[in-house]
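Colleague: Position chain B with the ligands relative to chain A; hints supplied.
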Amino acid sequence: MTLLSTKGLSKSFDGLEAVSSVDFELPAGQIRALIGPNGAGKTTFVSLICGRLAPTSGTVTFDGYDITVLPAHERIQRGIAYTFQITSIFPGLSARENIALAARRFLKGAQVTEVVEATIDKVGLLGRADQTAGDLAYGHKRLLEIGMGLAQNPRLLILDEPTQGLSDGEIEAFKELIRDLADQATILLIEHNMKVVMATANKISVLDGGRMLAEGTPEEIQNNFAVQTAYLGRDDA
Amino acid sequence: MKVVGLHIGLLAVLFALQFVLPAYHHGNLARIMVLASYAIGYNILFGYTGLLSLGHALFFAAGMYGMGLGIQHFDLPAAPALIAGVVSAALVSGGLALLALRTTGVAFMIVTLMFAQAGYLTILYFGEWTRGDEGFVIAQSARMIAGIDLSDPTNRYFAALILFSICLVVCLWLIRSPFGKTLIAIRENEERVTMLGYSTFAHKLGAMVVSGTLSGTAGATYGLLFGYAGASFASVQYSIFPLLWVLLGGAGTVLGPFVGTLFMFYLIDLSSGITSAYMLIAGVVLVLLTLFAPQGLMGELRRRFWKGLP
Ligand SMILES: Nc1ncnc2c1ncn2[C@@H]1O[C@H](COP(=O)(O)OP(=O)(O)O)[C@@H](O)[C@H]1O
Ligand SMILES: [Mg+2]
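As they're listed, the protein sequences go chains A and B.
Terminal number for the first sequence in this note's numbering: 245, no gaps in between.
Terminal number for the second sequence in this note's numbering: 335, no gaps in between.
These are computed hints drawn from the structure, not numbers from a lab.
Be careful, since some hints might not be right.
For lysine-lysine, the following DSS-like pairs were computed, each having C-alpha atoms within a straight-line distance of at most 27 Å [claimed, not checked]:
| # | chain 1 | residue 1 | chain 2 | residue 2 |
| --- | --- | --- | --- | --- |
| 1 | B | K27 | A | K130 |
| 2 | B | K206 | B | K332 |
| 3 | A | K130 | B | K206 |
| 4 | A | K116 | B | K206 |
| 5 | B | K27 | A | K116 |
| 6 | A | K149 | B | K27 |
Next comes chain B alone, as it looks inside the complex:
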């Protein structure tokens, strides 16, 4: 009960903030919620199942380009384009899972990294369609769902909040389901799970598809809300970001991805306001955090104060 209360409480606060935040932070928070949704997707595979992927940008981009190309080249309205993005992320993550889950550990990291890089190069190669590095703008007229203009800041904030709520609820529900509990067990001791009669391959496949699909949904929504799709979202950097956010916020906690994304966003935002050497400040803070809160902010909270925090 306490757990459900906490998460609903956060969503209520985010809802209320909409009415009080100044425009600048209002826009930031919308962006953070979408990126945190991406991190929630990443966390299902990394934090709960214990599989470290270095290729999630592929799923984020699959969602973004599934949506963006649908609008750009097939004149899809926003809603079906969004669905196209979600479906392409599901397909891409399923396909990659079938290949990458034959490996474990470092090999898994390398295989996911390699395929994501191949995806990035594919986007560049088909520059005629994707406009490569430069990317393409998604026209305001195409960013309407049921007459609601998603380029309007208020609508955009709500859309981001809805996406974030869905991802949060899906994550919370998943990890409390028998399937999710088995994923956690795989993280703890995979051989034992096999010897209890579970197909760990099937479970990891499921985890990767859910993880990739949530990530891709975030990617598609990002493109739709902020009106742009570009190859940089498929680059290595965008595979590393969710790893960092999740590590900072607390791997294997439901709220960790949001906390980590928020923290990192404002860390860079604030330190770049103080000095041009802002990456240095950010770096120092990150090092301090890994020293003093190695399980991330929410992980530390769980360890010290609230053992049952999911």
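Next up, chain A with everything else stripped away, as it sits in the complex:
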């Protein structure tokens, strides 16, 4: 079953076409990596999916419904969660309250507490839950951001470069987390770290210059010449 699809999805920023007529299909239950060089349009593409940006043209279909005209919060309510590339937390509130806000939208009372405590444990912030989020170290803010995504118990979790700024140990834990999550949620993972991609993704999509350059299994993508010249061969990979 297809959970998410886009047809002819495009976005221009005064003249610059950041996303260019992308057709995309994501079956339920898959872990899909979205890779591509800096400026390829990855963040813009997922922003069109979750509603942070409105497309110039094209459609987004989620779970059989055309959600193209829905405002962002209604898309989230349907089960899409987005974690920001540039950390977007509530700096003045405790880490625990940050996660609670994610859970409280659809849960009440003791259920919130249960999900919050479990999520804090999962992302490894156990000893830091009472700290003010703005005072956390950069890596811990990233983990908090991921936790806010998880706590929503989404059907589709979009992670925008989640491992940026994490330590090696934290990256290992993150891979575990993603594998554990695979049977509950579909995951769209934007990721620069190819080790993480190879260890987690079932399938990879490559975006370059706003266009979908290639799609395939990790092996296929690794062997694909066009991808190598566009992306894998470069230093920023």
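Modeller: Chain B with the ligands in isolation, oriented as in the chain A frame:
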């Protein structure tokens, strides 16, 4: 527990003061409690939701005139007139919210300011009904609820205390509710709240209606307790006052509005007793406070001593 204790403690002290204060301060405190209720309403939008309105006098006046005109022209008894005031403030704040919440930041400030000014001019325009600038006195005979004469100082003090208690409890309850916690989150990072699946528009609308309704309830009560309604209460000055009180006392703290109102009232009262240049003294103290306690008195207290203070 400590938190609930603190607020109940304050209300108990205010209750007890009634029996010991000399008449002059007794009257002042009644007035301060009503104005602090207005500031509590303002603080819900400004301090907790992070929306700076420059038009709250419109809501204060909507309450005051909803009540006052009801008594003056429709011969309503005090209690239904009070309700009319509350309802008109709720309607006016809902209406303005629908318009003003399409904007943010400076534009929001300007739109609220503009509409409040339009409200002020409307009161002047319908001078035949409102008696414009001069205003009108609400007769003592009309200021009775259940046989209790609200013009009597003791009764007036209790009425003010009841209003203040209601506003304080509503505020405390609101900010500890899921709805209120979402408002605080909007203040912290609105885009994130949207991306957690909340309608920030609906939440801000709710905040503005609660804020405007509390402000209007204070306005209606003010008119009833002190027996007068006038256009000056709808002027820009009355939009700036609650902002000042809240900033001084501590934006986003439950007790800040009361502390700020009390402080400002007595600052002006005392300095005007010393010199005719009392605004100068008041100004200097305000500047010092913004320098050394930029988060307001209660905000500073929270930062230094009591992190969990709501
Ligand atoms: N809000 C914006 N306004 C103008 N240009 C933008 C905006 N967001 C992204 N872009 C441009 O669109 C292109 C794609 O950016 P982005 O989606 O962030 O790439 P990626 O996430 O793949 O690094 C870049 O050239 C970027 O400069
Ligand atoms: Mg990006």
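Colleague: Is B:K27 close enough to A:K116, meaning Cα to Cα at most 27 Å?
Modeller: Between B:K27 and A:K116 the Cα gap is close to 24 Å, so the pair holds against 27 Å.
Colleague: Under the criterion that the straight-line Cα-Cα distance not exceed 27 Å, is the pair B:K27, A:K130 satisfied?
Modeller: violated (32 Å)
Colleague: Is A:K130 close enough to B:K206, meaning Cα to Cα at most 27 Å?
Modeller: At roughly 24 Å apart (the allowed maximum being 27 Å), B:K206 and A:K130 satisfy the hint.
Colleague: Does B:K332 sit within 27 Å of B:K206, going by the straight-line distance between their CA atoms?
Modeller: holds (16 Å)
Colleague: For A:K116 and B:K206, compute the direct alpha-carbon distance and say whether it is at most 27 Å.
Modeller: holds (13 Å)
Colleague: Given the hinted pair A:K149 and B:K27, is their Cα-Cα distance within 27 Å?
Modeller: Given pair A:K149, B:K27 is violated - Cα atoms ~31 Å apart, limit 27 Å.
Violation of the numbered hints given earlier is confined to hints 1 and 6; the remaining hints are satisfied by the structure.
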